[in-house]
Amino acid sequence: MPVALRDPALHELILGFLGAGALLAGLVLGGFSALLSFWAGWRNSAVFVQIGRRAFYAATAMTVLAAIVLETALLSHDFSLAYVAEHTDLSTPIALVAAAFYGGQEGSLLYWTLILGLLGSASLIASTALGGRVAAYAAGILASILAFFLFVLAVVASPFDLLSVTPPDGLGLNPILRDGGMLIHPPVVLAGFAAFAIPFAFASAALLAGRSDAEWIRHTRRFALVAWSLQSTGLLLGMWWAYHVLGWGGYWGWDPVENVALMPWLATTAYLHSSQVQEKRGRLRAWNLGLVMLAFLLVVFGTFIVRSGVVPSVHTFAISAIGPWFLGFLFACMVFSAVLLATRARAGASVARRPADPVSREGAFVLQNVLLVGVVAVVFWGTVLPLVSGMLGLERVVGAPYYERAAGPLLAALLALLAVGPLLPWRRAGLPTLRALRWPAGTAAVVLVVLAVAGVRSPAVLLGIPLAAAAAATVFTEYGRALLSKPRSVLVRRRRYGAYLAHLGMLVVAVGIAASQGGQQEKDVTLAPGEQVTVAGYTLTYTGSGQRQFGDHDELIAAMRFGDRTLEPSRAVYAGLGGQALTHVAITTTPLADVYVVLAGMSEDGRASFRVFVNPLVTWIWAGGAVIILGVVLGNVGERAMDAELARRRIPITLPA
Amino acid sequence: MAPAADAAKYASDPGVVILALKWGAPVAVVAACVGYLIYSASGGTAEYYLTVSELRHHAQTGDVRVAGVVQDDVHRTDGGLHVTFTEKDASAAIPVEYTGTLPDIFRPGITVVVEGRLGADGVFHARTLLAKCPSRFATQPYTS
Numbered sequence: 005m006p007v008a009l010r011d012p013a014l015h016e017l018i019l020g021f022l023g024a025g026a027l028l029a030g031l032v033l034g035g036f037s038a039l040l041s042f043w044a045g046w047r048n049s050a051v052f053v054q055i056g057r058r059a060f061y062a063a064t065a066m067t068v069l070a071a072i073v074l075e076t077a078l079l080s081h082d083f084s085l086a087y088v089a090e091h092t093d094l095s096t097p098i099a100l101v102a103a104a105f106y107g108g109q110e111g112s113l114l115y116w117t118l119i120l121g122l123l124g125s126a127s128l129i130a131s132t133a134l135g136g137r138v139a140a141y142a143a144g145i146l147a148s149i150l151a152f153f154l155f156v157l158a159v160v161a162s163p164f165d166l167l168s169v170t171p172p173d174g175l176g177l178n179p180i181l182r183d184g185g186m187l188i189h190p191p192v193v194l195a196g197f198a199a200f201a202i203p204f205a206f207a208s209a210a211l212l213a214g215r216s217d218a219e220w221i222r223h224t225r226r227f228a229l230v231a232w233s234l235q236s237t238g239l240l241l242g243m244w245w246a247y248h249v250l251g252w253g254g255y256w257g258w259d260p261v262e263n264v265a266l267m268p269w270l271a272t273t274a275y276l277h278s279s280q281v282q283e284k285r286g287r288l289r290a291w292n293l294g295l296v297m298l299a300f301l302l303v304v305f306g307t308f309i310v311r312s313g314v315v316p317s318v319h320t321f322a323i324s325a326i327g328p329w330f331l332g333f334l335f336a337c338m339v340f341s342a343v344l345l346a347t348r349a350r351a352g353a354s355v356a357r358r359p360a361d362p363v364s365r366e367g368a369f370v371l372q373n374v375l376l377v378g379v380v381a382v383v384f385w386g387t388v389l390p391l392v393s394g395m396l397g398l399e400r401v402v403g404a405p406y407y408e409r410a411a412g413p414l415l416a417a418l419l420a421l422l423a424v425g426p427l428l429p430w431r432r433a434g435l436p437t438l439r440a441l442r443w444p445a446g447t448a449a450v451v452l453v454v455l456a457v458a459g460v461r462s463p464a465v466l467l468g469i470p471l472a473a474a475a476a477a478t479v480f481t482e483y484g485r486a487l488l489s490k491p492r493s494v495l496v497r498r499r500r501y502g503a504y505l506a507h508l509g510m511l512v513v514a515v516g517i518a519a520s521q522g523g524q525q526e527k528d529v530t531l532a533p534g535e536q537v538t539v540a541g542y543t544l545t546y547t548g549s550g551q552r553q554f555g556d557h558d559e560l561i562a563a564m565r566f567g568d569r570t571l572e573p574s575r576a577v578y579a580g581l582g583g584q585a586l587t588h589v590a591i592t593t594t595p596l597a598d599v600y601v602v603l604a605g606m607s608e609d610g611r612a613s614f615r616v617f618v619n620p621l622v623t624w625i626w627a628g629g630a631v632i633i634l635g636v637v638l639g640n641v642g643e644r645a646m647d648a649e650l651a652r653r654r655i656p657i658t659l660p661a
Numbered sequence: 029m030a031p032a033a034d035a036a037k038y039a040s041d042p043g044v045v046i047l048a049l050k051w052g053a054p055v056a057v058v059a060a061c062v063g064y065l066i067y068s069a070s071g072g073t074a075e076y077y078l079t080v081s082e083l084r085h086h087a088q089t090g091d092v093r094v095a096g097v098v099q100d101d102v103h104r105t106d107g108g109l110h111v112t113f114t115e116k117d118a119s120a121a122i123p124v125e126y127t128g129t130l131p132d133i134f135r136p137g138i139t140v141v142v143e144g145r146l147g148a149d150g151v152f153h154a155r156t157l158l159a160k161c162p163s164r165f166a167t168q169p170y171t172s
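For the protein sequence lines, the chains are A and B, in the order given.
Start counting the first sequence at 5; every next residue gets the next number (the working numbering).
Start counting the second sequence at 29; every next residue gets the next number (the working numbering).
There's no promise every hint is true.
Unchecked claim - Derived SDA-like pairs: lysine to any residue, alpha-carbon spacing no greater than 25 Å straight-line:
id, chain 1, residue 1, chain 2, residue 2
1, A, Lys284, B, Ala60
2, A, Lys284, B, Ile46
3, B, Lys50, B, Ala60
Stated by the list, open to error - Now the stretches of chain A that chain B is said to cover, found in silico as 3 or more residues with beta-carbon under 8 Å:
id, region
4, 377-383
5, 391-405
Quick caveat, the hints were computed from the structure, so don't treat them as lab data.
By construction, the Cβ of each residue, glycine as well, lies at the ideal position given by its N, Cα and C atoms.
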């Protein structure tokens with residue numbers, strides 16, 4: 005019936021049904037893959053390993069199909085789908101229509117599932133060297149997680165629900181999401197969340213199969229590193245976006261949504277460091293497995309609390325029915341991890357060698373781990389306090405002061421450790437180490453004196469910047485020593501020197517955070533045209549206002565002169581959304597600080613109200629973030645030398661089951 | 029080598045005690061510090077998160093956050109930087125006064141969370157004002 009097929013209504017129905025069908029098929033294939041793979045692992049059957057793995061690839065292919073269908077529906081403005089009608093309209097720019105794929109609850113879950121399938125498939129293809137059982141169990145766990153997400157998508161929160169009446173136009177994307185940041189931040193941070201499932205799958209598989217040898221460490225570490233890098237990038241992009249769009253002058257608000265993205269990142273940071281103790285010294289196996297599992301559990305926990313609306317947050321998703329399902333999934337994952345760790349991890353705990361001194365590289369890693377897990381605990385408690393106190397009586401909440409007071413000292417201790425840790429030798433540290441500490445200690449002292457003389461009185465700055473300088477001195481000492489004696493070693497042992505580069509990036513970020521937290525200044529003013537305001541020595545002149553019209557909104561613009569630059573903070577009004585207003589911040593960067601201007605309002609007589617912030621060194625945060633990623637990439641691309649080293653060190657090949 | 033035998037030998041070794049003292053004690057001290065930081069910081073900074081009627085019934089001395097719906101009597105002065113309005117929930121209402129930048133979606137009818145304290149004049153003096161929209165990532169869904 006070619007005529008009927010050209011009927012747009014039928015065409016749209018086909019898209020909706022095709023998408024829902026793909027999700028169901030994916031669910032069946034995922035469940036099938038999970039069953040077969042666990043069976044294959046248990047019976048050590050090579051044939052079933054193959055079939056289970058292929059079923060996983062097939063489930064991934066179905067997810068890809070569903071994603072293509074949703075994207076097609078969005079781009080063709082198919083408003084018969086509730087998701088399309090609720091998240092886009094005809095006036096939304098086309099790039100943002102495409103981005104609406106992950107802009108809402110259901111679509112973002114589909115995107116997450118898509119990334120889980122793709123990264124999971126990649127990890128399974130790369131894991132053939134691990135041997136039958138570990139690979140089989142890993143495939144089984146990944147397939148179970150994939151099947152859970154596909155179940156939620158197919159049954160509870162489907163992006164392919166049809167509306168009974170197709171509206172002529174959609175509701176449109178929330179104006180605050182109509183921004184270039186929408187194109188980069190959510191996909192990266194959601195991919196990061198999805199990626200934490202892979203190290204979890206391999207850690208659990210190693211425990212199930214009773215293995216944690218060098219090949220396994222390499223594999224898990226590589227995927228933990230992928231997840232960590234994605235999450236680092238996602239967090240930084242989120243901070244950058246919040247800073248440039250939200251107009252409150254900051255980049256981190258300790259909102260539950262931000263906290264739950266930070267916690268798995270912290271746990272994985274701890275793992276990436278402590279896994280070296282296992283690689284080099286054969287210790288901390290159970291602890292490392294626990295950290296990998298913790299990171300994934302924090303992801304599931306975070307998804308639950310953010311998407312079920314159980315804690316107050318400024319960016320809650322639309323309330324939906326997925327909360328209880330994620331709570332059940334979280335519970336299942338916790339029981340699974342706890343039972344595995346309790347029954348299987350002790351098998352690897354026997355080490356006959358004499359324990360190292362606490363003052364040693366091992367000790368530094370352990371301290372760093374305890375501090376990082378401490379920061380996780382601080383953030384976790386701050387996030388769940390409303391929930392816990394609400395159950396016991398009146399709801400209580402904490403804000404930035406809590407996090408600053410509780411996490412601040414821990415972060416300062418971590419900075420100090422960044423200065424000391426890399427200089428400590430394995431096993432035990434003697435007097436030569438103390439001599440090595442003279443450079444970082446001297447640098448910290450000099451920087452502290454300079455800051456104090458310059459009149460800085462903020463404790464965050466006086467503590468953070470000297471410690472960061474000390475840690476930078478440590479990095480430069482290490483680089484200097486290598487370049488003076490064996491310049492090639494920087495290339496050969498690139499993982500080590502890449503990590504130092506990442507440390508350096510982290511220090512630059514730390515300086516940016518300390519300076520902007522400790523040195524921010526703000527002022528609210530109402531000015532008539534021609535009047536001036538001075539904040540922290542920066543003078544701005546209000547020159548006048550104007551109006552501009554765009555496709556989906558009108559803008560009221562106030563111009564301010566700053567030196568030879570013109571700042572144009574504005575307020576946009578979206579007529580299509582009941583006149584919802586949106587602030588456009590104007591930011592200009594000088595070498596020492598950002599001048600950040602928000603237009604608060606305008607009165608009939610031409611006077612305009614502004615909130616002006618001066619934020620010292622915020623650009624250091626973005627620059628440092630780029631250096632971190634550069635260090636991770638340079639240190640791990642084409643990194644082969646490590647295999648030989650691991651083989652030489654002979655990490656025990658098997659654990660008793 | 030048999031790790032089980034190793035473990036047995038290791039368990040009888042007096043080194044275990046030294047290990048526990050050398051490693052366990054510092055770790056326990058750091059963990060205790062973390063616990064103390066969390067305890068003292070949350071005790072010192074946690075604020076009650078109340079509805080307007082809860083605020084009416086529980087006299088609070090410190091800062092609190094109060095959630096309620098903005099009524100129609102919004103009055104802006106000082107170029108929009110100073111605002112007064114009435115915040116109300118199902119059974120109680122309170123006048124609120126706030127100076128600063130308002131959220132973009134601020135208007136009568138939305139739910140806001142104000143942070144500050146109730147003055148002796150019966151007016152709630154807000155230090156911060158957040159709009160609590162039902163969904164930041166989605167517009168209102170179609171109701172069928």
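We went through each hint and held it up to the structure:
For the given pair, lysine 284 of chain A sits about 29 Å from alanine 60 of chain B by alpha-carbon distance, which is inconsistent with the 25 Å threshold. A C-alpha spacing of about 23 Å is found between lysine 284 of chain A and isoleucine 46 of chain B, which places the hinted pair at or below 25 Å, so the restraint holds. With a C-alpha separation of about 16 Å, the suggested pair lysine 50 of chain B and alanine 60 of chain B falls inside the 25 Å cut-off, and the hint holds. By the rule of at least three residues with a Cβ nearer than 8 Å to a Cβ of chain B, the coverage given for the region 377-383 of chain A holds, with 3 such residues.
Check on the region 391-405 of chain A: 8 of its residues sit with their Cβ under 8 Å from a Cβ of chain B, so the three-residue criterion for coverage holds.
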